[in-house]
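Trainee: Keeping their order, the protein sequence lines are chains V and R.
The first sequence begins at 1 in full-length UniProt numbering and counts up by one.
The second sequence begins at 1 in full-length UniProt numbering and counts up by one.
Just to be clear, a hint being listed does not mean it is correct.
Same chains, same names: a pair is fine if it fits in one copy or spans any two.
Said to hold, decoys possible - Listed below are the simulated DMTMM-like cross-link pairs for lysine to aspartate or glutamate, each with C-alpha atoms no more than 25 Å apart in a straight line: (1) 146 <-> 34; (2) 144 <-> 118; (3) 193 <-> 77; (4) 144 <-> 73; (5) 196 <-> 145; (6) 196 <-> 82; (7) 192 <-> 12; (8) 49 <-> 145; (9) 144 <-> 12; (10) 196 <-> 148; (11) 49 <-> 79; (12) 144 <-> 112; (13) 9 <-> 112; (14) 192 <-> 145; (15) 49 <-> 69; (16) 144 <-> 34; (17) 21 <-> 76; (18) 146 <-> 63; (19) 126 <-> 82; (20) 144 <-> 89; (21) 9 <-> 79; (22) 196 <-> 34; (23) 144 <-> 63; (24) 126 <-> 34; (25) 21 <-> 97; (26) 192 <-> 112.
In case anyone wonders, no lab produced these hints; they're calculated from the structure.
There are 2 protein chains.
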Amino acid sequence: MKKTTTRQKVMDVACRQFFLKGYHGTSVRDIAGEAAVNVSLISYYFTNKQGLLETLIIDYYEDYIDLIEQQTEALDELEPIDRLCRLIEVILHYKQDRHQLTCLIQRELSLDNQFVREMLVTYLSKENHLLYALFQQVVTPVVKEKRDTKFLFLQFKGMLQAPYAMPHDWKDFVTFDQSHSYFAQQYSRTVKKWVKMLCAQSVISV
Amino acid sequence: MKKTTTRQKVMDVACRQFFLKGYHGTSVRDIAGEAAVNVSLISYYFTNKQGLLETLIIDYYEDYIDLIEQQTEALDELEPIDRLCRLIEVILHYKQDRHQLTCLIQRELSLDNQFVREMLVTYLSKENHLLYALFQQVVTPVVKEKRDTKFLFLQFKGMLQAPYAMPHDWKDFVTFDQSHSYFAQQYSRTVKKWVKMLCAQSVISV
């Protein structure tokens, strides 16, 4: 039990420090210091700083993909649009609950290195595959050209990422600090409205 | 003339290397090597690597804010919604023309340091101020609560940032490489449609 706790503590400290100072601006020594553990313990659990970052990102995506898969299955009887709306809510709560980690992962995955390429062909392509399949079901009846669905999907992903792309830009504007869960709830309402608007539009144009 | 050319060449090389390998993954020596200039010349123009990054970001935002101000003024006679649509187009073309720089700036400004805080109180708050003023004019008639306008604005900024937040995630999905200008044109169409949809929605609900 103690082992897991220490390991988790190191991960929490690393997450906060990477978020604030960036991966390169943080040393293993900084992390060990704040977590009050010996540097050698970090080597034992994660090999090195890169291993620590990778563990954070992989854990995040493992749970994230699981969540999307579970939800997609659990909501099988609902209409596609209701399934998508429910998924928006679940995704934004997941991201917001891990606010700093979400921000720092978006930042690190904007680089181009071996690890990022591995993440792209595993988790990110899986996320896109799962979300896009559902998104297409909802949006295809609305659009004329296949290409438009792709652009709308880009827009959709942009909405899900928006609060985490430049977090300090939003700190005072939307009340992040007040309550994370409140923010996720309110913001997912806005994104869900967009989806409904898109579909209503189809009814109008028909 | 030669001076400016060398300076610009160093900036172009730095931009590409920072984009691909990250600010910390790039050394002044790497940049000097690819730009085929002496390291001392980089010190002469930019003091150090941090100075080079800051010059890139400040130049970018100086032109960007100028552009928004000019457009806002030039389009004064248009209806707010048409002004906003025109602005979306201009902003996305600006961002896309400087694709790598846009990506790397979004990444660097997600950190929390002295320079980022300075950028937040100068350029970013100015950008938000200018865009939000116009956005409010367009959207306020549509929404009931002031808070909703803020969430819609977050959504809106998310759309403008989407292609640059995790660029590698989009490389194959939307055809970035085919033509930057074509992409900007097509994607701005999608964002403009969203704005128009929002406003049409108000007509419906009235």
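Trainee: Look at each hint and say if it fits the structure.
Mentor: Each hint, compared with the structure:
1. 146 <-> 34: Neither. Shortest intra-copy (51 Å) and inter-copy (41 Å) distances fail the 25 Å Cα cut-off.
2. 144 <-> 118: neither (34 Å within a copy, 45 Å between copies)
3. 193 <-> 77: within (21 Å within a copy, 31 Å between copies)
4. 144 <-> 73: Intra 29 Å, inter 36 Å, cutoff 25 Å: neither.
5. 196 <-> 145: both (19 Å within a copy, 19 Å between copies)
6. 196 <-> 82: both (9 Å within a copy, 24 Å between copies)
7. 192 <-> 12: Neither. Shortest intra-copy (31 Å) and inter-copy (41 Å) distances fail the 25 Å Cα cut-off.
8. 49 <-> 145: Classified as neither: same-chain Cα gap 46 Å, cross-chain 46 Å, threshold 25 Å.
9. 144 <-> 12: So residue 144 and residue 12 fail the 25 Å test inside a copy (47 Å) and across (40 Å) alike.
10. 196 <-> 148: Result: close both inside a copy and across copies, 17 Å intra and 16 Å inter.
11. 49 <-> 79: Neither: 45 Å inside a chain and 54 Å across chains, both beyond 25 Å.
12. 144 <-> 112: Result: close neither inside a copy nor across copies, 35 Å intra and 43 Å inter.
13. 9 <-> 112: Close across copies (22 Å), not inside one copy (29 Å); limit 25 Å.
14. 192 <-> 145: both (23 Å within a copy, 17 Å between copies)
15. 49 <-> 69: Neither: 30 Å inside a copy, 44 Å across copies.
16. 144 <-> 34: Neither way: residue 144 and residue 34 sit 55 Å apart in one copy and 46 Å across, limit 25 Å.
17. 21 <-> 76: Intra 42 Å, inter 42 Å, cutoff 25 Å: neither.
18. 146 <-> 63: neither (31 Å within a copy, 35 Å between copies)
19. 126 <-> 82: Classified as within: same-chain Cα gap 21 Å, cross-chain 38 Å, threshold 25 Å.
20. 144 <-> 89: Intra 28 Å, inter 22 Å, cutoff 25 Å: inter-copy only.
21. 9 <-> 79: Classified as neither: same-chain Cα gap 42 Å, cross-chain 55 Å, threshold 25 Å.
22. 196 <-> 34: neither (46 Å within a copy, 50 Å between copies)
23. 144 <-> 63: Result: close neither inside a copy nor across copies, 35 Å intra and 37 Å inter.
24. 126 <-> 34: For residue 126 and residue 34, the Cα distance exceeds 25 Å both inside one copy (35 Å) and across copies (37 Å).
25. 21 <-> 97: within (20 Å within a copy, 29 Å between copies)
26. 192 <-> 112: neither (32 Å within a copy, 31 Å between copies)
Hint violations for this structure: numbers 1, 2, 4, 7, 8, 9, 11, 12, 15, 16, 17, 18, 21, 22, 23, 24 and 26, all remaining hints satisfied.
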